[in-house]
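Colleague: Here's the letter readout for the chains.
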Amino acid sequence: MVEVSVSTFKKKTFNALYSSFAIFSCLALGKLCSYFAPILPASLYGLIIFTVTLHFRLFNAEHIKSTVVWCIKHMGVCFVPAGVGIINHFDLIKQFGIAIVAITFVTTFVLLTLVGLHYQRYAIDEEPN
Amino acid sequence: MVITDLLYNHILSSFFVVAGTIALFQLIAMLQSKLNAIWLQPMLITILVIMAILLWQDISFDSYFTNSWLLNALLEPAVVALGFPLYQHLETIKKQWKSIILVLFIGALIAIISSFVITMLLIGDYTIAVALSLKSVTTPIAIAIAGQLDGNTAITAFAIILAGFFGALVGPPWLRFIKVTSPKAQGLAIGAASHAIGTATVSNISYEHAAYSSLALIVSAVITALISPFIISFLASLL
Numbered sequence: 064m065v066e067v068s069v070s071t072f073k074k075k076t077f078n079a080l081y082s083s084f085a086i087f088s089c090l091a092l093g094k095l096c097s098y099f100a101p102i103l104p105a106s107l108y109g110l111i112i113f114t115v116t117l118h119f120r121l122f123n124a125e126h127i128k129s130t131v132v133w134c135i136k137h138m139g140v141c142f143v144p145a146g147v148g149i150i151n152h153f154d155l156i157k158q159f160g161i162a163i164v165a166i167t168f169v170t171t172f173v174l175l176t177l178v179g180l181h182y183q184r185y186a187i188d189e190e191p192n
Numbered sequence: 009m010v011i012t013d014l015l016y017n018h019i020l021s022s023f024f025v026v027a028g029t030i031a032l033f034q035l036i037a038m039l040q041s042k043l044n045a046i047w048l049q050p051m052l053i054t055i056l057v058i059m060a061i062l063l064w065q066d067i068s069f070d071s072y073f074t075n076s077w078l079l080n081a082l083l084e085p086a087v088v089a090l091g092f093p094l095y096q097h098l099e100t101i102k103k104q105w106k107s108i109i110l111v112l113f114i115g116a117l118i119a120i121i122s123s124f125v126i127t128m129l130l131i132g133d134y135t136i137a138v139a140l141s142l143k144s145v146t147t148p149i150a151i152a153i154a155g156q157l158d159g160n161t162a163i164t165a166f167a168i169i170l171a172g173f174f175g176a177l178v179g180p181p182w183l184r185f186i187k188v189t190s191p192k193a194q195g196l197a198i199g200a201a202s203h204a205i206g207t208a209t210v211s212n213i214s215y216e217h218a219a220y221s222s223l224a225l226i227v228s229a230v231i232t233a234l235i236s237p238f239i240i241s242f243l244a245s246l247l
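Protein sequences appear in the order of chains A and B.
According to my numbering, the first sequence holds residues 64 to 192 in order.
According to my numbering, the second sequence holds residues 9 to 247 in order.
Note that these hints are calculated values from the structure, not bench results.
Just so you know, even glycine gets a beta-carbon here, dropped at the ideal spot from N, CA and C.
One or more hints might be untrue.
[Claimed, not checked] Over the 12 Å line for every Cβ pair with chain A, so calculated as not near, a few chain B residues:
1. 17
2. 21
3. 24
4. 39
5. 43
6. 44
7. 84
8. 91
9. 110
10. 130
11. 156
12. 213
13. 215
14. 246
15. 247
[As the list claims (entries may be wrong)] Subject to a maximum C-alpha distance of 30 Å in a straight line, what follows is the list of computed DSS-like cross-link-like pairs (lysine-lysine):
16. B:42 <-> B:106
17. B:102 <-> B:187
18. B:42 <-> A:75
19. A:94 <-> A:128
20. B:102 <-> A:94
21. A:128 <-> A:74
22. A:136 <-> A:73
23. A:94 <-> A:157
24. B:187 <-> B:103
25. A:136 <-> A:74
26. B:102 <-> A:128
27. A:128 <-> A:75
28. B:42 <-> A:136
29. B:103 <-> A:128
30. B:187 <-> A:128
31. A:128 <-> A:73
32. A:75 <-> A:94
33. A:75 <-> B:106
34. B:106 <-> A:128
35. B:103 <-> A:136
36. A:75 <-> A:157
If we strip away everything but chain B, and leave its shape as in the complex, we get (with noise of 0.2 Å):
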């Protein structure tokens, strides 16, 4: 009795958690694309509202997350389902797939560099150097990573939003000042550095823009996870 009682009050709060996880960011999400304002992002205003939430009711992170965990088993099915953008554009790989590899390979490499060096001489955490040096990959394929070489995963998250948003607000007018006019340079620099939440907002502009900024989304996560690891480990045994 006590344990089927148990596993219902399980199943219901993890139902309630859940499902209002769904409609706060829905709510959100709808409110975005009805008063057309960028910074209403979706992800960010139900992470800062559940936060928010939790703190007001005193309600501890952990039965939060427990309790969200059909959330957070989505993720790995999510990232699969990326390969589809990425299908979809192997043809212009093949074309032009030197050029393109080239530069998001000198781009991931001084990313990661960059940020882990920086990082370590001004904060000297391992766990945040690892979580600013991903900041500018996808957010489950981050999460991944930085799980795998001890990073802080919720910096990690908090990083990539932040990168995601300087981006995507700043990145157009940005390039265009540096007489960066390509509509397929402005894609694969803002799909490099600011991921899915660049791609979303440079999608709007063109169809060359929402190609080449997915392409490089997705191409400098699968770079990123394959150099990262031995970069990494490498700076870390210099520093």
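Same shape as in the complex, but just chain A (with noise of 0.2 Å):
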């Protein structure tokens, strides 16, 4: 029993070490991008080429899955630093709050209507049963 948990905790530990390395890396190779071409921010170059690397086997996909489950479930908590420096524009929420959220809310409302009744007339098109 002991030895069973020492063996997994064995895998988780480099599982997550393995995931970060590989995380890490592709952030790294991003940001060399965003360098030389400073189109997209670094984090979206370095997405897109983990996906790739994910694509074309350089990494191995089940070492890293059980790592970012648990990041993706757990990311919301780096936002909330930057959502706190709402504070720092309190003037700002008073005098457009109300616009604000009326915008926020008409525009979403379009786009939700738009991407389903769209995408729905697809759906219907590729399945005809």
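Got two chains here, separate frames each, mind docking them using the hints?
Modeller: Laid out in structure tokens, this is it:
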């Protein structure tokens, strides 16, 4: 029983280190890309490089899956400091808060409706049965 | 001696701020799953509680932000990690890439143009207009683009959370009401309009919803990152 838990611990540690190495090396390449071609942010280049390396099996997806699923589940906490930044803009919110909420509400509905209706038509065309 | 003291205090307060933020977030996430309440969104509630604490204790945002640098530094690797679900959906994209990319391209185009133009006409502030035109994109990518285009990143973060909630709460009943019943179409629409918050919510409905919503979340973000600098600078020169 103890041996099993030690080996799963080792496996988890290996997977976490392997995933971190994969993610950070893709990010480093992304930084290089955005330095030479500043069209996209480095992290987005990194995202694309990560997808490509997984697709061509340069990294083993089996070792990465559990760590990445965990990261995506908990990544919300990283956005907290940026969100708290709203505190420096209370004057803007006081002045334009209602307009900001109204614009967000209306344009989100337009987008939902547009994408939903359009793709529904494609989905029906592709699957006539 | 003074330098080591300073360094020590700084590390200690950074540790306290980061650990405190994570603990609060986890506590609210646990409460949310226990009470099964969508509105108890951990990100939103943590932001509100920390804002209240800063105001109450008269702590400046800058000192909070400096001490929470570790969380902010993790945003970039978090975006890279989103490449994994994209890799998982590559087969689906290969089969239907034309229709998916066309729909999401038109969606992103209209989202950016309508938000930017309406905001410029109603509010007339470029930094807010940039922030609102990026609100349908997942936070780390939107913040990166907003920074690049001199938009207001705090308003961006705020509008993204708002858009996420509208779509997650009202999206599924609204789509059913307008007779969009295909799980693929529902997933794509909610992923495109309400990013990660919407995706997390519709993932409970079915596997197809989850796959198409995260696909839309990633593809829309890439399309927006590619086209928004050109559209926004073009529109800004017109208005």
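Colleague: Hint by hint, say whether it matches the structure.
Modeller: Evaluation of the provided hints:
1. With a minimum CB-CB distance of about 20 Å to chain A, residue 17 (chain B) clears the 12 Å threshold, and the non-interface call stands.
2. No Cβ of chain A approaches the Cβ of residue 21 (chain B) within 12 Å, the least distance being about 14 Å, so the stated non-interface status holds.
3. The claim that residue 24 (chain B) is not at the interface with chain A holds, since no C-beta of that chain comes within 12 Å of its own (minimum 14 Å).
4. At roughly 14 Å from the closest C-beta of chain A, the C-beta of residue 39 (chain B) stays outside 12 Å, upholding its exclusion from the interface.
5. With 12 Å as the threshold on Cβ separation, the claim that residue 43 (chain B) sits away from chain A holds: the shortest Cβ distance comes to roughly 18 Å.
6. Distance check on residue 44 (chain B): its Cβ is at least 17 Å (rounded) from any Cβ of chain A, clearing the 12 Å threshold; non-interface status holds.
7. For residue 84 (chain B), the requirement that its beta carbon stay farther than 12 Å from each beta carbon of chain A is not met, with the minimum near 4 Å.
8. Interface exclusion of residue 91 (chain B) from chain A breaks down, the closest Cβ pair being 3 Å apart, not more than 12 Å.
9. A cut-off of 12 Å between C-beta atoms contradicts the statement that residue 110 (chain B) is not in contact with chain A; the least separation is 8 Å.
10. At roughly 5 Å, the least C-beta separation between residue 130 (chain B) and chain A is not larger than 12 Å, which violates its mark as non-interface.
11. With a cut of 12 Å on Cβ distances, residue 156 (chain B) falls inside the contact zone with chain A, its closest approach being about 7 Å.
12. Listed as a non-interface residue, residue 213 (chain B) keeps its Cβ farther than 12 Å from every Cβ of chain A; the least gap is roughly 14 Å.
13. Every beta carbon of chain A lies more than 12 Å from that of residue 215 (chain B), the smallest distance being close to 14 Å; the non-interface claim holds.
14. Taking the minimum C-beta to C-beta distance to chain A, about 19 Å, the non-interface status of residue 246 (chain B) holds against the 12 Å cut.
15. Here residue 247 (chain B) stays apart from chain A, with its beta-carbon at least about 15 Å from theirs, past the 12 Å limit.
16. Note on residue 42 (chain B) and residue 106 (chain B): the hinted pairing is violated, with a Cα-Cα distance of about 41 Å set against a maximum of 30 Å.
17. Between the alpha carbons of residue 102 (chain B) and residue 187 (chain B) the distance comes to roughly 27 Å, so the proposed pair stays at or under 30 Å and holds.
18. For a cut-off of 30 Å, the pair hint linking residue 42 (chain B) to residue 75 (chain A) stands: about 27 Å separates their Cα positions.
19. Straight-line distance between C-alpha atoms of residue 94 (chain A) and residue 128 (chain A) comes to about 24 Å, which keeps the hinted pair within the 30 Å bound.
20. This hinted pair checks out: residue 102 (chain B) and residue 94 (chain A) have alpha carbons roughly 28 Å apart, not beyond 30 Å.
21. Between residue 128 (chain A) and residue 74 (chain A) the alpha-carbon distance is near 13 Å, which keeps this suggested pair within the 30 Å criterion.
22. For the hint pairing residue 136 (chain A) with residue 73 (chain A), the CA-to-CA distance comes to about 22 Å; that is within 30 Å, so the pair holds.
23. Restraint check: the Cα-Cα separation between residue 94 (chain A) and residue 157 (chain A) comes to about 38 Å, which exceeds 30 Å; the hinted pair is violated.
24. Distance restraint check for residue 187 (chain B) and residue 103 (chain B): the Cα-Cα separation of roughly 25 Å lies within the 30 Å cut-off, and the hinted pair is therefore satisfied.
25. Straight-line distance between C-alpha atoms of residue 136 (chain A) and residue 74 (chain A) comes to about 20 Å, which keeps the hinted pair within the 30 Å bound.
26. Note on residue 102 (chain B) and residue 128 (chain A): the hinted pairing holds, with a Cα-Cα distance of about 21 Å set against a maximum of 30 Å.
27. The hinted pair formed by residue 128 (chain A) and residue 75 (chain A) meets the criterion: a straight-line CA distance of about 11 Å does not exceed 30 Å.
28. Taken as a hint, the residue 42 (chain B) and residue 136 (chain A) pair is honoured in the structure, with Cα atoms around 16 Å apart against an allowance of 30 Å.
29. Restraint check for residue 103 (chain B) and residue 128 (chain A): satisfied, since their Cα atoms lie roughly 24 Å apart, inside the 30 Å limit.
30. For a cut-off of 30 Å, the pair hint linking residue 187 (chain B) to residue 128 (chain A) is broken: about 36 Å separates their Cα positions.
31. Distance restraint check for residue 128 (chain A) and residue 73 (chain A): the Cα-Cα separation of roughly 16 Å lies within the 30 Å cut-off, and the hinted pair is therefore satisfied.
32. Of the supplied pair hints, the one linking residue 75 (chain A) and residue 94 (chain A) holds, its CA atoms being roughly 28 Å apart against a limit of 30 Å.
33. This hinted pair does not check out: residue 75 (chain A) and residue 106 (chain B) have alpha carbons roughly 39 Å apart, beyond 30 Å.
34. The suggested pairing of residue 106 (chain B) with residue 128 (chain A) holds, with an alpha-carbon distance near 28 Å, which does not exceed 30 Å.
35. Restraint check: the Cα-Cα separation between residue 103 (chain B) and residue 136 (chain A) comes to about 28 Å, which is no more than 30 Å; the hinted pair holds.
36. Pair hint residue 75 (chain A) plus residue 157 (chain A) does not hold up; C-alpha atoms about 48 Å apart against a cutoff of 30 Å.
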